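Visitor: Chain E is fixed; fit chain A onto it per the hints.
From first to last, the protein sequence lines are chains E and A.
Heads up: the first sequence is residues 1 to 305, going by this note's numbering.
Heads up: the second sequence is residues 1 to 565, going by this note's numbering.
Don't take every hint at face value.
Taking lysine to any residue pairs in the SDA-like style, the calculated list, with each CA pair at most 20 Å apart, reads [claimed, not checked]: (1) A/Lys122 - E/Pro48; (2) A/Lys122 - E/His40; (3) A/Lys134 - E/Pro48; (4) A/Lys134 - E/Asp47; (5) A/Lys537 - A/Asp65; (6) A/Lys368 - A/Arg422; (7) A/Lys122 - E/Gly59; (8) A/Lys122 - E/Gly87; (9) A/Lys122 - E/Ala52; (10) A/Lys400 - E/Val246; (11) A/Lys400 - E/Ala56; (12) A/Lys368 - A/Glu429; (13) A/Lys122 - E/Arg88; (14) A/Lys122 - E/Ile51; (15) A/Lys122 - E/Ser53; (16) A/Lys134 - A/Arg102; (17) A/Lys122 - E/Ala56.
None of these hints come from the bench; they were simulated from the model.
Computed from a predicted structure; not experimentally measured.
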Amino acid sequence: VNDTIRFVAGRLAIAALFVLAVGVGAFALVRLAPGDATSHLVLTGADPATIASERARLGLDLPLPAHVARWLAGIARLDFGESSRFGRPVAGLVADRLGRTALLAAAALLLAVGIGLPLGVLSGTRQGSLLAGMIGVLSVAFLCCPPIIATLGLLLLAAGTGWLSIAPGDLGVPLLALALPLAATFERIQSQAAGEAFDSANVHAAAARGLPRSRLVWAHAARQSLRPVLGTAGVMIASLFSGSVVVEVITSWPGLGQLTLEALLSRDLYLIAGCAVAGASLVAVANFATDLLRAAADPRVRHST
Amino acid sequence: MGIGVYSLWVSRPERQNVQSDALAPGGRLIATYRTEPGTFNRLIAPQSAEELINRLTNATLVRVDRTSGAVEPRLARSWTTSADGLTWTLSLRDDVTFSDGRPFTSADVVFSLRAAYDERVKSAIATSLLIAGKPIQARALDAHTVAVVLPSPFGPGMAILDALPILPQHKLQPALDAGTFREAWGVTTPLQDIAGLGPFVLKEYVPGRHLLLGRNPRFWRTDAAGRQLPYLDEIEIQFTPDQNNEVIRLQAGESDLMTDRVRFEDLALLEEAEDQGRIALHDAGVSIAPDLLWFNLNPQAPVSKTKPWLQATEFRLAISEAVSRTALVNTVFLGEAIEIAGPITPGHGDWYLEDTRPPAFDPDAAIKRLQSMGLTDRNGDGMLDDARGQPVAFAALTQKGHSVRERSAAIVQEQLRRIGIRMDVVALEPRTIFGQWSAGDYEAVYFGIEPDSFDPGRNMDFWLSSGGFHLWNPRQATPATSWEARIDQLMQKQSTTTEPTERQRLFAEVQRIFHEQVPALYFAAPKVTIATSTRVKGVTASPIAPSVLWNAEMLSLSASSPPGR
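This is chain E alone, in the form it adopts within the complex (with noise of 0.2 Å):
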């Protein structure tokens, strides 16, 4: 029990610190790179006057290390400032965007386990077959083809055949985009795993034994060769968060990725710094789950803490 504690806690106190570099990490670049979010007010003929009495409002006239500070407690409150673009509090449009994202996300990666892990199976214990082959291609060209492509490329193949709808806010689209290439990455490593686990002894013990072919393959192979997939489950849900913002915006999709380069385009210091907390802290609760499932699955995990 003590075990389990140290190791929850201290998976924990990881995520929060993660959670707490990101966002302090963010808010500093954007503050020490040329140019704010009255940088735009030169365009409308404001003197330096009200451009200065804008920073001050924005806090962007203290220096780094108390704005730093000063922000931190403002979280401490649950305040996480106010966006210079929309004029609402960063929290509110953090929480409508984040739940979209969530959603995408969750979508995608049961999407992607749905896809990836059968047929990774189906490709690892049938090495050197047509349909094998079949499959590592079709993963590798998912693998091979930029985000970007891919997503416009699924755009165009919607809009002209009508299959799924491309208007902005739909799930269709933004959903394939962003779980195809990661159930052929989850294919890849599943099939690699599942080559090895039906090759081994346990399992030509089982076929000994005379059990069926489709009872060693997703009864033995496919339950032992999860194992690294769930290892690098938390890789993959940051890459899918990382992924999301490319895939909203070319789709329309109106979640944290579209705000986030709205947020940046605009220079809104505030709102970039809450969207890097409410990434992070989904990749963080994402990993602290996975770390959570590897533990349960395999106590080594929980004793190397």
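Guide: Showing chain A alone in chain E's frame:
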């Protein structure tokens, strides 16, 4: 390849920018737009999304026609000007109500102007309502007559009032009095609390997805046949951050209008779709916002000590001669641009001066000019060096991700390399560029500025040495050069002269000085093309954004759906 494409262009039939097909009322027009509004309060937001919504939901006393530049009556039915030109007396329409049913009166005009100038509001449009840096005054003479008093005679005349949306005093007065005007009409405000005088009202806003506008049943305009405007029942603005997505949606018949202009790389594809009858392309004329290359000419800038040649007129003249504008037009704009040498393009109509044409492309002359400045190849590496033996090199900031600017900068870079000048292109996002520019921390910038008027007298911040937008050396206490002093003098006279011919003559002299001194280098002005679905009728395309929706009340949809829908 560029020349081939250009030939294809000139052999195509001329596009129209005004359609006169039979109009049918009703229907929902779907437009895609890349950014979302941060507020529904136009006075506080300078961005294009807010301006678009403003044009759809608010009205002005007069309107500048975005194709001809002519001032046309709107809420002001007519007006007279006093003998000294300092007072306009406007007779307002007495048959107008806001979308919530409350009548429009002169009190709303006075209120709107007061709100725009209120220091607590820090309005984004306040500076565009100043004449020689001073505000105009409005006085209600009766419920439907307003006297507008100017601080000095103003050449562009009533066009200044095109910038002022008339807002409902009964809705916004409490916020103005309480000092909370900036928070009023944010995007979370219940839409039924927002009232306007424009052709449309806000119906539904779903962040990240769309903004739905419905016909304002109380809109006060009718067409020539006496039919109530607007024709459309609804306009749905779908937020589509990526322009590729916009093009795909338009081609697939999923939208009717891309609010931005067509990119040159998309033109061939869209022309094919036009030939198949799937979309319509509209010629909006030549852009009045060409990109420019300017150098930091502030005498106090560090570059004046380290690279004094960078601030020399001869250096800029050499660059102007060394860059092949034809190559730029053909490779970057695929032939869809005009070669220019100054900020005033053929798109500006009568303001354009024929005798300020670009110099001939002559790299040899440019090299001789640079040699006369003491810039020669001193170490035999094929590149020029200054008298101190330092390479003739400079960094030009340009907009990251803006394909036209990045490609143009690359072409200029290559052409300058051929005469021995090294130009390092630094691609940054716009706010970073503005930040460095504002701080004077730059050597050169390749960028574009979007004016909202054809009339140069409405763009004084650019021309005057004291102007915040005098890009190469802004906000000068006294003019740094004699030619800037002369331009100041001419522009001040031009903007306070109301006689059109005299204004033309004065501005022609300004353009000639600009042409001689080349404070900023202009190479090409693109032709502006707008794409819509074939079912959109009544399009009057303008080079000034929003190119089509500026006149949304006249748009209608044909009964038939386009192919693919």
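Visitor: State for each hint whether it applies.
Guide: Against the structure, the hints:
1. A/Lys122 - E/Pro48: Distance of about 13 Å is within 20 Å: holds.
2. A/Lys122 - E/His40: holds (14 Å)
3. A/Lys134 - E/Pro48: Distance of about 17 Å is within 20 Å: holds.
4. A/Lys134 - E/Asp47: holds (14 Å)
5. A/Lys537 - A/Asp65: holds (18 Å)
6. A/Lys368 - A/Arg422: Holds: A/Lys368 and A/Arg422 sit about 17 Å apart, inside 20 Å.
7. A/Lys122 - E/Gly59: holds (17 Å)
8. A/Lys122 - E/Gly87: Given that 20 Å is the threshold and the Cα spacing comes to 14 Å, the pair holds.
9. A/Lys122 - E/Ala52: holds (12 Å)
10. A/Lys400 - E/Val246: holds (17 Å)
11. A/Lys400 - E/Ala56: Outside the cut-off at roughly 28 Å; violated.
12. A/Lys368 - A/Glu429: Violated - the C-alpha atoms of A/Glu429 and A/Lys368 are around 36 Å apart, more than 20 Å.
13. A/Lys122 - E/Arg88: holds (18 Å)
14. A/Lys122 - E/Ile51: holds (10 Å)
15. A/Lys122 - E/Ser53: holds (10 Å)
16. A/Lys134 - A/Arg102: Answer violated: A/Lys134 to A/Arg102 is near 32 Å, above 20 Å.
17. A/Lys122 - E/Ala56: holds (14 Å)
Of the numbered hints given earlier, the model fails hints 11, 12, 16; all others are met.
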